[in-house]
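2 protein chains.
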Amino acid sequence: MEAEFLRWLRERTPKYPGLRLGLTDDAALVDLPGAGAVVATVDMLTDGVDFHLREVDPRRVGRKSLAVNLSDLAAMAARPLAALVAVALPRDGSAALARELYEGLLALAEEFETPIAGGDTNTWDGPLAISVTLLGIPSPAGPLTRSGARPGDHILVTGQFGGSLLGHHFDFVPRVREALYLAQNYPLRAGIDVSDGLSLDLSRLAAASGCGAWIDPRLVPIAPSAHAMANQRPESGTPLEHALGDGEDFELILALPPDAADRLLADRAVGTTLTRIGQFVAEPGLWQSLADGSRAPLVPRGFEHHSTASR
Amino acid sequence: MEAEFLRWLRERTPKYPGLRLGLTDDAALVDLPGAGAVVATVDMLTDGVDFHLREVDPRRVGRKSLAVNLSDLAAMAARPLAALVAVALPRDGSAALARELYEGLLALAEEFETPIAGGDTNTWDGPLAISVTLLGIPSPAGPLTRSGARPGDHILVTGQFGGSLLGHHFDFVPRVREALYLAQNYPLRAGIDVSDGLSLDLSRLAAASGCGAWIDPRLVPIAPSAHAMANQRPESGTPLEHALGDGEDFELILALPPDAADRLLADRAVGTTLTRIGQFVAEPGLWQSLADGSRAPLVPRGFEHHSTASR
Numbered sequence: 001m002e003a004e005f006l007r008w009l010r011e012r013t014p015k016y017p018g019l020r021l022g023l024t025d026d027a028a029l030v031d032l033p034g035a036g037a038v039v040a041t042v043d044m045l046t047d048g049v050d051f052h053l054r055e056v057d058p059r060r061v062g063r064k065s066l067a068v069n070l071s072d073l074a075a076m077a078a079r080p081l082a083a084l085v086a087v088a089l090p091r092d093g094s095a096a097l098a099r100e101l102y103e104g105l106l107a108l109a110e111e112f113e114t115p116i117a118g119g120d121t122n123t124w125d126g127p128l129a130i131s132v133t134l135l136g137i138p139s140p141a142g143p144l145t146r147s148g149a150r151p152g153d154h155i156l157v158t159g160q161f162g163g164s165l166l167g168h169h170f171d172f173v174p175r176v177r178e179a180l181y182l183a184q185n186y187p188l189r190a191g192i193d194v195s196d197g198l199s200l201d202l203s204r205l206a207a208a209s210g211c212g213a214w215i216d217p218r219l220v221p222i223a224p225s226a227h228a229m230a231n232q233r234p235e236s237g238t239p240l241e242h243a244l245g246d247g248e249d250f251e252l253i254l255a256l257p258p259d260a261a262d263r264l265l266a267d268r269a270v271g272t273t274l275t276r277i278g279q280f281v282a283e284p285g286l287w288q289s290l291a292d293g294s295r296a297p298l299v300p301r302g303f304e305h306h307s308t309a310s311r
Numbered sequence: 001m002e003a004e005f006l007r008w009l010r011e012r013t014p015k016y017p018g019l020r021l022g023l024t025d026d027a028a029l030v031d032l033p034g035a036g037a038v039v040a041t042v043d044m045l046t047d048g049v050d051f052h053l054r055e056v057d058p059r060r061v062g063r064k065s066l067a068v069n070l071s072d073l074a075a076m077a078a079r080p081l082a083a084l085v086a087v088a089l090p091r092d093g094s095a096a097l098a099r100e101l102y103e104g105l106l107a108l109a110e111e112f113e114t115p116i117a118g119g120d121t122n123t124w125d126g127p128l129a130i131s132v133t134l135l136g137i138p139s140p141a142g143p144l145t146r147s148g149a150r151p152g153d154h155i156l157v158t159g160q161f162g163g164s165l166l167g168h169h170f171d172f173v174p175r176v177r178e179a180l181y182l183a184q185n186y187p188l189r190a191g192i193d194v195s196d197g198l199s200l201d202l203s204r205l206a207a208a209s210g211c212g213a214w215i216d217p218r219l220v221p222i223a224p225s226a227h228a229m230a231n232q233r234p235e236s237g238t239p240l241e242h243a244l245g246d247g248e249d250f251e252l253i254l255a256l257p258p259d260a261a262d263r264l265l266a267d268r269a270v271g272t273t274l275t276r277i278g279q280f281v282a283e284p285g286l287w288q289s290l291a292d293g294s295r296a297p298l299v300p301r302g303f304e305h306h307s308t309a310s311r
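Chain order of the listed sequences is A and B. Per our numbering, the very first residue in the first sequence carries number 1; after that it's consecutive. Per our numbering, the very first residue in the second sequence carries number 1; after that it's consecutive.
Warning: the hint list may mix true and false statements.
So these bits of chain B aren't anywhere near chain A, every CB distance computed over 12 angstroms [unchecked claim]:
hint	residue
1	10
2	29
3	133
4	166
5	186
6	214
7	291
Taking beta-carbon pairs under 7 angstroms as the criterion, some of the chain B residues facing chain A (in silico) [stated by the list, open to error]:
hint	residue
8	84
9	120
10	269
The set of hints was computed from the structure by calculation and includes no laboratory data. All residues carry an ideal CB built from backbone N, CA and C; glycine is no exception.
When you get a sec, could you build the whole thing from the sequences and use the hints?
Written as structure tokens, this is what we have:
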């Protein structure tokens, strides 16, 4: 539904001069009258879809509800400014649940110096739903978007991919600090965070930039949990397939000119492993190199369960 | 739960220099590095609490989800800048429901020149929940808060009160234009919107300002629907009781110095009826004048179903 709905929504939405990025990137960019701009993003997590409340400590749910938004801001190289939290709590034990959610949320908020500026705490007969809106400001280098990659740019990724469902999707550290450092020190051309799958989100970045992307599958950093999932259920795919399609890695995909990519890969100050997995190409689509050196199409895989309209 | 939870949350939240109003007023005021500030508020509406989806056109639900936030901005005399929408849709018929919600929402957004900057559209096994975050900028006169009323200031209200449940709570026009006009032309000292009940929200405004409030009940503008509800169910209270305690009127309570109040009441440019119903007094608490001219305590009445932490 999401892609079609987004098309409908974009058509229905009038153009506003102050809205520079809306419904296209990981977050919206809203100009302020006078000067400056604000980056804003929202994500809602729901019981039974993004987590199962029976099986997880609510603190991890609260943490994740903010973390996914921090990841969206990282994708734009924006600095977090303040968060607003709306929550619908099941009636039974709602007071205790609210506190546990907030304990997880506040701990991460403090880590990223992000005040909770407002909230709306409701009780109802439905399951738990929690929605966080995060405001930020673009880095001095300007907002990073999905549309700036050019053929020849190298594709760099942070961290490792696959098997996030085993726990990483709750406990990941959003790449905010890395994004701010990189945006300040390197000519980043485009960025996106991997929420729906490395191959799917890379194909989105390439499409938004009007080019294609080629990767060498042997270079993709595969998380230990991707191996674990492939071992547990071999029919679920190879470790590489998990890495390319699982999603919820919340790592960054970045586009940089080759020389900048070289410098960045030699930079020990980043703190997070960066890996070059391929490059952007003129021909649209997603491509992979095979063992014999030839190129073949790579079908983007991933899921849409977050369905963020601003993504 | 809400008041106690808010106390707990305020204690748990570290102080941030950039957050001038958080968890106290109708909206938060967030300073931007450099210059300027953003006003932000969030409200979530849930099926079975704020509306009954079986009984109402989803367009009215979508409209209300934005309207309640516009009302919060009006209470701060802030101009709307952009909205973000997160929605959890019941699986059955979710695509049609999403469009209907947005049709109501977009129509009101256009009326108030407010772009929908981002969204998150989810489908789940739960009932409908919709959360709107609204960003705004303070009027040139600065943000209107709850804490600026002084003893001697007059109490003015927009519109009429009571019986909102008969339909007004869906169809009210948020007092954004009025608030901006008034903030620009009059020395408004404090403001709040009536979401939970005229008497309850007035008592909150007075308490935040460190004073009390006295009203003449005969001056309270009573809506026709308050009379209708009292007629339908006499045991539910008198029309005046409905006006004082029903809530969801989404009218403004304003504090002004007496001479400014006089000028304002003679101003035909406002477009909305304003009524003087009393004044702020030094003695804390809420007071009413009786028929014999004496004063008696007035017990604040209202409901907390919105439970907005930022309110």
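Hint check:
1. With a minimum CB-CB distance of about 10 angstroms to chain A, residue 10(B) fails to clear the 12 angstroms threshold, and the non-interface call is violated.
2. Interface exclusion of residue 29(B) from chain A breaks down, the closest Cβ pair being 8 angstroms apart, not more than 12 angstroms.
3. Against chain A, the non-interface label of residue 133(B) is violated: not every CB pair exceeds 12 angstroms, the least being about 4 angstroms.
4. The Cβ of residue 166(B) sits about 22 angstroms from the closest Cβ of chain A, beyond the 12 angstroms cut-off, so the non-interface label holds.
5. With a closest Cβ-Cβ approach of about 22 angstroms to chain A, residue 186(B) is found to remain outside the 12 angstroms limit, as its non-interface label requires.
6. The claim that residue 214(B) lies off the interface holds: its Cβ sits roughly 31 angstroms from the closest Cβ of chain A, which is beyond the 12 angstroms cut-off.
7. Look at residue 291(B): its CB is around 41 angstroms from the nearest CB on chain A, clear of 12 angstroms, so calling it non-interface holds up.
8. For residue 84(B), the interface hint holds, since its Cβ comes within 7 angstroms of a Cβ in chain A; the closest pair sits about 4 angstroms apart.
9. Restraint check, residue 120(B) versus chain A: the minimum CB separation of about 5 angstroms is within 7 angstroms; hint holds.
10. A cut of 7 angstroms between beta carbons decides the hint on residue 269(B): the least distance to chain A is about 23 angstroms, and the hint is violated.
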